[in-house]
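In the order they appear, the protein sequences are chains A and B. Just so you know, we're using the numbering used here here: the first sequence kicks off at 1 and counts up by one. Just so you know, we're using the numbering used here here: the second sequence kicks off at 227 and counts up by one.
Treat the hints as calculated values from the structure; they're not laboratory data. All figures in this text were calculated on a predicted structure; none of them were measured in a lab. Hints may contain errors.
As the list claims (entries may be wrong) - Simulated coverage check for chain A against chain B, where a stretch passes if three residues somewhere in it have a Cβ under 8 Å from a Cβ of chain B:
| hint | segment |
| --- | --- |
| 1 | 71-83 |
| 2 | 104-110 |
To be verified - Cβ pair distances, simulated, as ranges:
| hint | chain 1 | residue 1 | chain 2 | residue 2 | range |
| --- | --- | --- | --- | --- | --- |
| 3 | A | 56 | B | 283 | 49 to 59 Å |
| 4 | A | 176 | B | 264 | 42 to 52 Å |
| 5 | B | 252 | A | 107 | 13 to 23 Å |
| 6 | B | 254 | A | 15 | 39 to 49 Å |
| 7 | A | 26 | B | 272 | 32 to 42 Å |
| 8 | A | 15 | B | 262 | 33 to 43 Å |
| 9 | A | 152 | B | 291 | 17 to 27 Å |
| 10 | B | 286 | A | 10 | 23 to 33 Å |
Yeah, the Cβ is synthetic: ideal placement off N, Cα and C, and Gly gets one too.
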Amino acid sequence: MKFGIVVFPGSNCDIDCYHVLKDVLNQEVNYIWHDSEDIEDYDCIVLPGGFSYGDYLRCGAVAQFSKAMDKVKKHAEEGKLLIGICNGFQILTESGLLPGALVRNKNLKFICDTVEVKAENNATPFTNQLKDGEVINIPIAHGEGNYVVDEETLEKMKENGQILFTYQENPNGSIYNIAGVCNESKNVLGMMPHPERASEAILGNGDGIGIFKSIIAFFEGGQKND
Amino acid sequence: MKANVYVTLKNSIADPQGFAIKGALNKMGYESVEDVRIGKLIEVELGNVTKEEAEKQLNVMCEKLLANTVIEKYRFELVE
């Protein structure tokens, strides 16, 4: 399976994602520079964490107009897999690929911690290797992770099983304890927690690897789980 | 043509920064201050365009980039 990791000026989790996919999971991985126009086809694109464009204006607001994002949008429209982690999640909401928005944490603090995250729906390309309702420990590191969305959209998302991860204890004020959501067709995931920072037991925590393994299992299975 | 663009959080979105500043103002002695909301002022030099064209451009700029209409509202005024 071939992964592409988009590198924006200010991305800082790109190398971690690369390492997990390449060295831990033995997948083919390339970096995609944000300014490239001629981008080859990938099976899954990763928008990594960090502070793209210095978080100027709003987190993720400027990155959505990077040249590479045209390709990313097309990729998602074709139904291919796309995952945004932390700043990547912010870029996905800013570009309209996911509903809602991420605003300043309720307590105004940048929170760097490992938190318990519950898998709410394991019938998706991103969660099929997790047990339904499984609680995993994943690090978070963000100042703007407070997910907001209007009530009507939230209800639709609940009905459609788009809320994939919730916090056991809400760290940032997110509505409905939301930590990660997917789009309606379930090929685009955005999440604030960093599974790539928790994908090797030898480094202290392997809980995040299930998300990447799910993506690979889904791709190799060749069909949607839902 | 120059424009001042004001971007503010929608009323339904909590503003913890504003809340903290309200507390500070109260502590300064302005006890009657009830609410503070923080927004952004963005000054845009539009170059040589007509008023009509400027308004058209600004609406698109605000919808697409300057404001996130999921959480923010915007208004602008042409200065000269």
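So, going through the hints one by one against the coordinates:
1. Coverage of the segment 71-83 of chain A by chain B is violated. Counting CB-CB distances below 8 Å, 0 residues qualify, and the rule asks for three or more.
2. With a threshold of 8 Å between beta carbons, the proposed coverage of the segment 104-110 of chain A by chain B holds, since 5 of its residues qualify and at least three are required.
3. The hinted range of 49 to 59 Å is not satisfied by residue 56 (chain A) and residue 283 (chain B), whose Cβ atoms lie roughly 20 Å apart.
4. The given range of 42 to 52 Å is broken by residue 176 (chain A) and residue 264 (chain B), whose C-beta atoms sit roughly 25 Å from each other.
5. The hint said 13 to 23 Å for the Cβ distance between residue 252 (chain B) and residue 107 (chain A), and at roughly 19 Å that hint holds.
6. The supplied range of 39 to 49 Å is met by residue 254 (chain B) and residue 15 (chain A), whose beta-carbon atoms lie about 46 Å from each other.
7. Taking 32 to 42 Å as the suggested C-beta distance range, the pair residue 26 (chain A) and residue 272 (chain B) does not conform, at roughly 53 Å.
8. Judged by the Cβ atoms, the range 33 to 43 Å given for residue 15 (chain A) and residue 262 (chain B) holds: they are separated by roughly 41 Å.
9. The supplied range of 17 to 27 Å is met by residue 152 (chain A) and residue 291 (chain B), whose beta-carbon atoms lie about 25 Å from each other.
10. Against the hinted window of 23 to 33 Å, the Cβ-Cβ separation of residue 286 (chain B) and residue 10 (chain A) comes to about 26 Å, which satisfies the hint.
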